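Protein sequences, first through last, are from chains A and B. Under my numbering, read the first sequence as residues 1 to 310, first letter to last. Under my numbering, read the second sequence as residues 1 to 406, first letter to last.
Note that these hints are calculated values from the structure, not bench results. Among the clues, some could well be false.
Chain A stretches covered by chain B per the calculated footprint, using a threshold of three residues with CB under 8 Å from any CB of chain B [claimed, not checked]:
| # | stretch |
| --- | --- |
| 1 | 39 to 51 |
| 2 | 78 to 84 |
| 3 | 99 to 108 |
Selected chain A positions facing chain B (Cβ under 10 Å, derived; list incomplete) [stated by the list, open to error]:
| # | residue |
| --- | --- |
| 4 | Ala69 |
| 5 | Glu87 |
| 6 | Asp88 |
| 7 | Arg96 |
| 8 | Gly146 |
Listed next, the in silico BS3-like pairs over lysine-lysine satisfying Cα-Cα at most 27 Å (straight line) [what the hints assert, rightly or not]:
| # | chain 1 | residue 1 | chain 2 | residue 2 |
| --- | --- | --- | --- | --- |
| 9 | A | Lys266 | A | Lys238 |
| 10 | B | Lys240 | A | Lys131 |
| 11 | A | Lys52 | B | Lys403 |
| 12 | B | Lys240 | A | Lys52 |
Predicted, not measured: the structure shown is a model, and the values here were computed from it. For every residue, glycine included, the Cβ atom is placed at its ideal position computed from N, Cα and C.
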Amino acid sequence: MINVSELQKSYGDLQAVKGVSFRAKAGTIFGLLGPNGAGKSTTINCISGLIKPTAGNIKVNGFDIISEATKAKQSLGVVPQELAIYEDLSALDNLRYWGAAYGLGGKALERRVNHVLENIGLMDRARDLPKNYSGGMKRRLNFGCGLVHEPKVLLLDEPTVGVDVQSRGRLFDLIKEERDKGTCVLYTTHYMEEAENLCDELAIIDHGKIIAAGTLQDLRAQVGENDIIQLSGVFNAKKLKAAIAKLKPTPEILSLSDESLALAMKEAARHLPAVLKAVSATGAEIRESRLTEPNLESLFLKLTGTELRA
Amino acid sequence: MRFLALTVIKEIKRRFNDPLGLIMWLMIPLFLGGMLTSVLGGASGPTPKAVLLLTDLDDTFISQAIPQALSGGQLADMIEIQEVSRDVGNTRINDDDGSAHLVIPKGFSEAYLNKQPIALELTTNPAQQISPKIIQDVLASLLDLGHYIQLVLGDEIKLIVDGDASADLSITEVAAMISGKIEKLGPYAFPPVIEVVDETPVPEGQSFNLTLLMFPGVLVMAVVFAGQGISGIYWQDREKGILQRWRAGPNGMWVYWTGLFISSMFILGLITFPILLGGFYLIDIPYTKLAPSLLWIMLTGPLLFGTLVLVQVMAPSRRAGGVISTLLVFPLLMVGGSFFPKETLPDVIRAMSDYTPNGQILEPLKQYFLGTYGLSGLFSTLLPLMAVTIALIAVASVIADRKDLR
Numbered sequence: 001m002i003n004v005s006e007l008q009k010s011y012g013d014l015q016a017v018k019g020v021s022f023r024a025k026a027g028t029i030f031g032l033l034g035p036n037g038a039g040k041s042t043t044i045n046c047i048s049g050l051i052k053p054t055a056g057n058i059k060v061n062g063f064d065i066i067s068e069a070t071k072a073k074q075s076l077g078v079v080p081q082e083l084a085i086y087e088d089l090s091a092l093d094n095l096r097y098w099g100a101a102y103g104l105g106g107k108a109l110e111r112r113v114n115h116v117l118e119n120i121g122l123m124d125r126a127r128d129l130p131k132n133y134s135g136g137m138k139r140r141l142n143f144g145c146g147l148v149h150e151p152k153v154l155l156l157d158e159p160t161v162g163v164d165v166q167s168r169g170r171l172f173d174l175i176k177e178e179r180d181k182g183t184c185v186l187y188t189t190h191y192m193e194e195a196e197n198l199c200d201e202l203a204i205i206d207h208g209k210i211i212a213a214g215t216l217q218d219l220r221a222q223v224g225e226n227d228i229i230q231l232s233g234v235f236n237a238k239k240l241k242a243a244i245a246k247l248k249p250t251p252e253i254l255s256l257s258d259e260s261l262a263l264a265m266k267e268a269a270r271h272l273p274a275v276l277k278a279v280s281a282t283g284a285e286i287r288e289s290r291l292t293e294p295n296l297e298s299l300f301l302k303l304t305g306t307e308l309r310a
Numbered sequence: 001m002r003f004l005a006l007t008v009i010k011e012i013k014r015r016f017n018d019p020l021g022l023i024m025w026l027m028i029p030l031f032l033g034g035m036l037t038s039v040l041g042g043a044s045g046p047t048p049k050a051v052l053l054l055t056d057l058d059d060t061f062i063s064q065a066i067p068q069a070l071s072g073g074q075l076a077d078m079i080e081i082q083e084v085s086r087d088v089g090n091t092r093i094n095d096d097d098g099s100a101h102l103v104i105p106k107g108f109s110e111a112y113l114n115k116q117p118i119a120l121e122l123t124t125n126p127a128q129q130i131s132p133k134i135i136q137d138v139l140a141s142l143l144d145l146g147h148y149i150q151l152v153l154g155d156e157i158k159l160i161v162d163g164d165a166s167a168d169l170s171i172t173e174v175a176a177m178i179s180g181k182i183e184k185l186g187p188y189a190f191p192p193v194i195e196v197v198d199e200t201p202v203p204e205g206q207s208f209n210l211t212l213l214m215f216p217g218v219l220v221m222a223v224v225f226a227g228q229g230i231s232g233i234y235w236q237d238r239e240k241g242i243l244q245r246w247r248a249g250p251n252g253m254w255v256y257w258t259g260l261f262i263s264s265m266f267i268l269g270l271i272t273f274p275i276l277l278g279g280f281y282l283i284d285i286p287y288t289k290l291a292p293s294l295l296w297i298m299l300t301g302p303l304l305f306g307t308l309v310l311v312q313v314m315a316p317s318r319r320a321g322g323v324i325s326t327l328l329v330f331p332l333l334m335v336g337g338s339f340f341p342k343e344t345l346p347d348v349i350r351a352m353s354d355y356t357p358n359g360q361i362l363e364p365l366k367q368y369f370l371g372t373y374g375l376s377g378l379f380s381t382l383l384p385l386m387a388v389t390i391a392l393i394a395v396a397s398v399i400a401d402r403k404d405l406r
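Okay, chain B solo, but in the shape it has when bound (with noise of 0.2 Å):
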């Protein structure tokens, strides 16, 4: 156990002799991170608006309520509408000015109650990247939504509109079919749902913002680019004749291995911890959530280490090795959610970003920071994460050990 843990310090030690090293897996992140965050538009100042030109053709109390519900509640911050006329609407999104163009068509309310089927023109921006995503996704939910309200309550809307409630029935009346409707459909409509109760206390004034969710993807970036870094000791150690002295030596080469693997944790949270400290002042993350980050990106982030260093060991050569790696890292970074937010991704990237070291990284950890994690949603999957570092690196062992070394 001495040796190991000599082990442990002397490749700590060789980090620290080694403080470009140690720059470059900091700033590298740092750099693409506040790059991609300005590109984006998602700098720590408010959040950034989708901005929505709507051309109303149809002008109708049913037409009206789209953009009122567009611009109720929290979507009142992410989104900003804009009433233009249908030629206006064109040439801004033509220009850049806008992130969609929303025209609703003339006759609009007539179709909608009638159960006819109509068309909404939604023309998108093609050089923003996720504003016009937001809007045709949030447009989608509402559509979804109102078609159900038109399933369930077409005949009420349809008695307000027409104007017939207060000739043949008392508003008080419709709004009691109404009531009655929602109560016979409630237990469908809303059954009961299991409470997860997160105790922990999520600040007032927190609110969602693009540089919050780009953060812990920086921050995982920077552990990935470590471990790729720390992924390279094994050939370097190789070529220059340090791995022969080691299998000559009287230690197993597990050792060798469990000291990489220990060692990886504190390089990982000395190259994490400024990030980590520059961010949660930045972007205002209660300090207290400060210690269990940095733990959980030392805990897992060793996970990287192992799958690139058992990419390593599988290379015939240390150049081999380096190209393999490097193909592996940016894939990883993009479908893992570190250049870009999880949310951004289109369904299909989405999807796999889940089955990423990194991912499983950074999901977490983001919950976390938006506070839809507590502690025990943090480290829920730290068990299984460590277990898989611990056979990737096993694995490695293995194969290293079968290779002759001349």
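Here chain A stands alone, though its shape is the one from the complex (with noise of 0.2 Å):
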């Protein structure tokens, strides 16, 4: 359904996107997983036409989104970060016109303008004007206006930013639903549980490039049994290395600095004390520290070296 090859967007001299690949298949939701400015944001919008890419390709439902952007375009639903609603207009206006813009109308266009209303919880709010709605309510109205044409896939960028809790499992209720009637969906996030909850195939993009992709499974493989132990505070880093080579069993380094340190070992709750003792050894000062079970947080710290930062 979505299929991206070597993907490539630059701004002048800032290359925000280098050589992005990946296949997203229908009936599956696929996750670009990574912090702020990874790259998420432009990716998904060279997919859907917004902006266009400097290299590479990419194809809609078979169809390219450059040459054959109408067609693609049409298989195309999309929920912008922004509330992309009209808010002088009521519920059931945009949705009726959002819905036109794909050529839906007549009965058709009610039916499924009502079945949206009815899922995003809006029925008894449908004429009134969005502008008097909560933020849940207009995101969830965001998110009806880019489904309303039932796309064969949907390209949801960050779509929970600044939702309640309660509003957030409803969207999620709502994806899987889409999910489970064939939809390909396009998810970008930068919470780690959001892309484990709900995606069944996920691309881990850090600084424009993919890091690590796959099912979730295969990405918890990648992570091992190691337990992430996490310490923050005044170091002294070649002391500490030396004394992190001394310890049986000897952890895995991922990152070290004169403020912070991160290691991989099996069973680190069992060994944390050691840990810390031969830390405290050096002279180092503790403030803090975390011990993580393998999760993609650390699949993330892993590979990068750095928290997944929001």
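Using the hints, put the two chains back together into the complex; each one sits in its own frame.
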């Protein structure tokens, strides 16, 4: 459904996307996980035709987004990060209008609009202007406008930013429902938990490059069974490196600086006291310690040496 | 086409759902126009007269011809002459009691007949804007006329003034001399002209007044403010992500722009209709002119939207777009004759007025109201104006399309 090949996008000297490739299938939720500024939105904007790629190919439902733009876009449903709704038109009018934009009309449009209104929980407020809605209600309407025409490919760019927990859960149900109907969903987020709970397949993106991709199981396997120990404080990196090398079993150093240390090792909870003792012995001042079981965040840390920062 | 129609309806609906915005576009020009009209003394009552204080120190047949010429015919509706002494005239001008003070010096008549230079003293009241200018212009024209009369009929006038006509020549002979000269000069002085016949009947009793001059300005002011408001939709839609949704959709952006263009016609019609209706009622303009006037505004008004949306699209941010378009709007209103009638503007600004988009909309409409233009005159520039509008919007669309939305 979505085939991205060697996608590049530059803004002058700044290369925002550096050769991104992935394939998202029908009936799956494909997640693009990465910190802010990693290139997720640029990638999704290239796929939706908002910005022209510097190089590479993008096919949506088999159509090239540049040379067969109209056909490709006919298959697309887009939910931008911004609340792309007419706040001076009722929810009903918003949905009718965006449905008509994709050729829906008559009873089919009314049926679909009513179905979406029901699903996004705005049926009883359908005739109200969105400017009188809460933030969560606006998000749900924004989402509804993107799928009112039953697109084959749904692009969701961080749709839960600023959404309350209740609305977030409702959005997840709607996204899964679309997936179950056979829609290919591309979902960008910087929330690790969202990606783990929602996505069938994932690509982790950082500094414009995909650094890991696969199913959740594939990615977990890459993390291995190692837990992550993270320490912050004041360290002497040179002395610390030597002290850690003497520990048995020897932890893997993921990142080390004069202010932070990240280690990976099995059964970290059991070995934590020995690690802290060895670190303290170098004259370090430990201010905070954290132990994390294997997850996407630890994979990100393992791959990049940095946290999945928001 | 169905989606284009839906887009137009959607835009109109948006405006209806923001009644405060519509009311503002309607009320600001009415408020400003009302203020300006009352400041200029042009309420719907009779035409305000310029008061000319006259001190005739010469007191001759020739000097007396000046006030007679200034108070004859249609000028009598515009200028009221009050004879005063020099001191009283000066005092009254200083007290803002009068539009101008004209002093005809002793010896004026003699100098005129002997083709000698002589100066008339005209002191204008700086507290008044329009009336002194009317007197100044009329007086200048009158003096030009006097100069040519003197050149052509100087000898005959001298005969009459000197009283020699009765002695050496009979009145009939002097009259025959004058008549003969006029006959000879006729083809040069009054060459045949192509007569433009305006078939639109001008109702009797319709006369020039300041409110009538101000009215088209107020109308076009509403068009300018509405045009500015509609042009701001570009940044509103862009920042909201609406343009992203548009660009990601299967419909070309031309539908978006055409929708804005067509809807702007209806919105302008909607806003100006009550102003037109009220103006026609108050100023007593025949209602047969209502529909053509409304049509003119609807078809040409989007020129302001086109101009200002191009400014918005070229601006680097919403804030910049707003500031630049506002900086542009007020000089446009001033130069284009919306704040003050073009007739009252200095020559340089008056010349520039013809090159402003609002001036292009306003002037034919004013001439139509005044009865100078008929229907054909009103609509004579319609096609070029619409072509320019479409070109401006097309350029804005191309520029907007070239910009990345993120």
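Evaluated hints:
no., hint, verdict
1, 39 to 51, "holds (count 7)"
2, 78 to 84, "holds (count 6)"
3, 99 to 108, "holds (count 5)"
4, Ala69, "holds, 8 Å"
5, Glu87, "holds, 8 Å"
6, Asp88, "holds, 4 Å"
7, Arg96, "holds, 8 Å"
8, Gly146, "holds, 8 Å"
9, A:Lys266 x A:Lys238, "holds, 24 Å"
10, B:Lys240 x A:Lys131, "holds, 12 Å"
11, A:Lys52 x B:Lys403, "holds, 10 Å"
12, B:Lys240 x A:Lys52, "holds, 21 Å"
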